[in-house]
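Protein chains: 2
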Amino acid sequence: MDLLLSAANAALLVAHDLRRDAECILLLLGPPDPPRAIRIVGSLLQSYGPDIRANAGPIRKALHHASRIEREPCRGLFPARRGFSELIEAFPEPIVLLREDGKDIRDAELPRDVSFVLSDSVDLLEEEEAVVAAKRIEVCSVGPRSLHTSDAIAIVHNELDRRYPE
Amino acid sequence: MDLLLSAANAALLVAHDLRRDAECILLLLGPPDPPRAIRIVGSLLQSYGPDIRANAGPIRKALHHASRIEREPCRGLFPARRGFSELIEAFPEPIVLLREDGKDIRDAELPRDVSFVLSDSVDLLEEEEAVVAAKRIEVCSVGPRSLHTSDAIAIVHNELDRRYPE
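Protein chains in written order, with the working numbering: chain A, 1417 to 1582; chain B, 1417 to 1582.
Keep in mind that the hints were calculated from the coordinates and are not lab data.
From the three backbone atoms N, C-alpha and C, an ideal C-beta is built for every residue, glycine too.
Any given hint could turn out to be false.
Said to hold, decoys possible - Covered stretches of chain A (in silico footprint by chain B; criterion: 3 or more residues with CB under 8 Å from a CB of chain B, positions within the stretch not fixed):
1. 1455 to 1468
2. 1477 to 1487
3. 1539 to 1551
4. 1571 to 1579
Please construct the entire structure, taking both the sequences and the accompanying hints into account.
Below is the structure:
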């Protein structure tokens, strides 16, 4: 859970503020009752800081919500029982898959509104790759080394911040 | 403490491994008994993973060491009672200061062996800036937005990884 929360911090926070134009979806596929997804919407969050332990409480609580329909039990947090394919198919934006053998992100075309798909230390399954392939515009890599998810997200945001300053 | 540990993770970890050519020094200036520094040496660490709560224990324990002379109470962890100036003066490598108004890091000359100085959400004091100024080769910025320390470190490592692949 801490790794997911670190990734959410990298996705949603800048110094002293939230990225109010960012959303992050955490997908939990482990026991006891998978799948659980939680969409975290930067523009709606009211109390979300960098303290991982403080964020863990509301997110765990929201994850008790087990319906396939999204609810908002806590401002900005949208849990639902949804799996990988269902999430990807609902993405409104074009998708960039991050993978170590992808094109250098510095050389890729990135629209302002874009979703990135990252896996944790386990690569996507073949059928998950196929679901993404149907919607993706690019497979990108953030650099020559294999990184933790939160560090990869920081690098992606930096690339977008440079191309689309506020 | 969690913010410092997140920064240490960004400095010391890649996916599935440690950055064995990296060192990180955390400097704690808050109560109860400042200053306390702890140097964490990637090549010496034996059990250091991405779990912040697991890392907190040994680091807290090491920080009880209150002598000005470094000890190694736990493999790879070197605590000492040292303040900012003393630490900076002991740095063997050239120093790059990260500050929001600095030169874009992508355009800066960065030697392979280099130390970066980052502050947390509070800027360096004037006298701290002066100590760094005596040893620094550059003031750099990682991009157009003000970021958390851990995200800035991820971006700096990415820049060095690209210039100096293993």
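* Quick one: which hint numbers does this structure break? Sort them smallest to largest. => Of the numbered hints, 2 and 3 do not hold.
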